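All chains should be modelled from the sequences, with the hints used to inform the complete structure.
Chain residues, written in single-letter form:
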Amino acid sequence: MSSNCTYVATLAALLGLAVVGCDDNAGSQAEVAGVVEAEEASTPDARLQTHEIVPSTPTADGLAYIRAVAAIHAEADAPADAPADAEGSAQRVAALQRGLALPVPEGLPEAEILRLGLATRLASAWIEGGEAQRAQDLLAPMLAPSRSVPLDRSSAEALVLLGDAATRTGDDALAAGSYGRSIRMMSILRQELE
Amino acid sequence: MSGPDRERGKADAAEAERIAQELAALGEEPLAEDDEALAFAQSLAADPAARPDIDIATVQTLAGWADAVPSDESLSELAQARVWRTIELRTKSAEGSTTPARSRSRTRPVLLGAVVALVAVAAGFVLVPVLSPPPTSQTSPTSPVAKAEPAVTAEELDVLSTQARAGLAALDRLSGEPRGTARVEALATDYARRLEAHEGTPG
Chain E
0 MSSNCTYVAT LAALLGLAVV GCDDNAGSQA EVAGVVEAEE ASTPDARLQT HEIVPSTPTA
60 DGLAYIRAVA AIHAEADAPA DAPADAEGSA QRVAALQRGL ALPVPEGLPE AEILRLGLAT
120 RLASAWIEGG EAQRAQDLLA PMLAPSRSVP LDRSSAEALV LLGDAATRTG DDALAAGSYG
180 RSIRMMSILR QELE
Chain P
0 MSGPDRERGK ADAAEAERIA QELAALGEEP LAEDDEALAF AQSLAADPAA RPDIDIATVQ
60 TLAGWADAVP SDESLSELAQ ARVWRTIELR TKSAEGSTTP ARSRSRTRPV LLGAVVALVA
120 VAAGFVLVPV LSPPPTSQTS PTSPVAKAEP AVTAEELDVL STQARAGLAA LDRLSGEPRG
180 TARVEALATD YARRLEAHEG TPG
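Quick note, the sequences are listed as chains E and P, same order. Heads up: the first sequence begins at 0 in numbering that gives the first Met the number 0, then just goes up one per residue. Heads up: the second sequence begins at 0 in numbering that gives the first Met the number 0, then just goes up one per residue.
Worth flagging that the hints you see were computed from the coordinates, not collected in a lab. Check each hint, because a few of them may be wrong.
As the list claims (entries may be wrong) - With beta-carbon atoms standing in for the labels, derived distance ranges:
| no. | chain 1 | residue 1 | chain 2 | residue 2 | range |
| --- | --- | --- | --- | --- | --- |
| 1 | E | ALA143 | P | ALA10 | 45 to 55 Å |
| 2 | E | GLY106 | P | ALA153 | 44 to 54 Å |
| 3 | E | THR49 | P | ASP189 | 18 to 28 Å |
| 4 | P | ARG164 | E | THR49 | 18 to 28 Å |
It should be emphasised that the depicted structure is a prediction, and the values quoted were computed from it without experimental measurement. Glycine included, C-beta positions come from ideal geometry on N, C-alpha and C.
In structure tokens:
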């Protein structure tokens with residue numbers, strides 16, 4: 000499978016470059032350079048570096064942190080009979096922000112996944128509330144292509160939300176790159192499960 | 000055979016001849032008449048909304064690659080149909096924004112790039128597509144930078160979004176793990192169990 004896929008991906012990449020390079024009606028070199036420059040500036044960064052979260056040696060501080068995050072999630076869950084009004088939404092957002100502000104104990108790699116989960120819910124609430132830029136500003140640094148992200152469902156979901164936020168802010172390159180990275184992440188996760 | 004049928008038969012024969020010539024030019028083997036990818040390419044070309052200069056052989060070849068790539072459940076016929084639907088939409092939008100004199104030289108590479116990009120994404124890989132500049136990078140209409148053509152449309156982003164969400168749902172079905180609050184609570188329970196075991200370990 001890998002050889003087939005490598006072949007297709009390589010071929011696709013080469014043909015993708017051809018999109019930039021095979022316009023036989025391009026004018027001066029400066030014009031071509033300008034076009035290429037503009038396209039490079041808007042090219043999505045689809046790099047995906049991942050790392051496995053290896054369960055750490057459990058500590059009391061670690062358990063307290065995880066339980067605190069679980070309590071934050073429970074607080075952010077809207078009760079079935081609660082109206083989805085602005086006040087309730089603001090309370091949920093405030094709870095999730097408190098969760099992200101919790102100090103992370105040392106030696107707890109699982110916290111990375113937990114923080115991504117909190118950030119994803121917070122970003123979702125902001126996007127629903129029309130604050131896509133805020134959601135993008137929150138998730139983009141956590142999921143920067145230059146950084147390694149946990150090989151976990153939470154990363155894949157966060158990337159989808161980042162794509163949603165970028166779509167709304169008009170950052171097509173970030174949106175496409177994020178969706179593409181999430182698809183690739185899920186492909187890796189599925190292969191591990193199968 | 001009726002008159003219209005005869006005419007259609009002639010048109011089909013001419014089309015088949017054109018396809019054979021395109022394939023020969025690409026160095027590809029002649030196609031069998033029951034080739035599904037060929038049928039798809041022909042149907043795309045037969046669509047009145049499609050570009051008249053659509054490269055059937057290229058589309059056929061790419062469709063063949065898409066079928067040849069080992070796929071999982073997310074690579075269903077429906078998923079592939081979405082990809083091709085996007086290509087159709089892209090073709091329509093390109094038709095309205097490109098002059099006929101430049102259409103063949105400019106739209107074919109872009110169409111080809113879009114086809115390949117989406118096929119690669121459907122295969123679970125990330126291709127670096129050429130995207131439209133964000134609004135902030137637009138300059139005056141006469142500047143060279145402004146001539147960079149938009150290469151990813153809202154429809155294509157919608158396809159990517161749909162694929163990503165479908166992948167998430169498929170992953171959840173496969174893993175069977177809890178989500179959201181339930182997942183964090185399960186993690187806390189498991190962590191507490193491990194802590195208890197660890198503290199009970201001598202030394």
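Do the hints match the structure? See the list:
Roughly 54 Å separates the CB atoms of ALA143(E) and ALA10(P), a value that falls within the hinted 45 to 55 Å. A hinted range of 44 to 54 Å for the beta carbons of GLY106(E) and ALA153(P) is consistent with their spacing of about 45 Å. Between THR49(E) and ASP189(P) the C-beta distance comes to about 22 Å, which sits within the given range of 18 to 28 Å. A C-beta distance of roughly 20 Å is found between ARG164(P) and THR49(E), which places it inside the suggested range of 18 to 28 Å.
In this structure, every one of the numbered hints holds.
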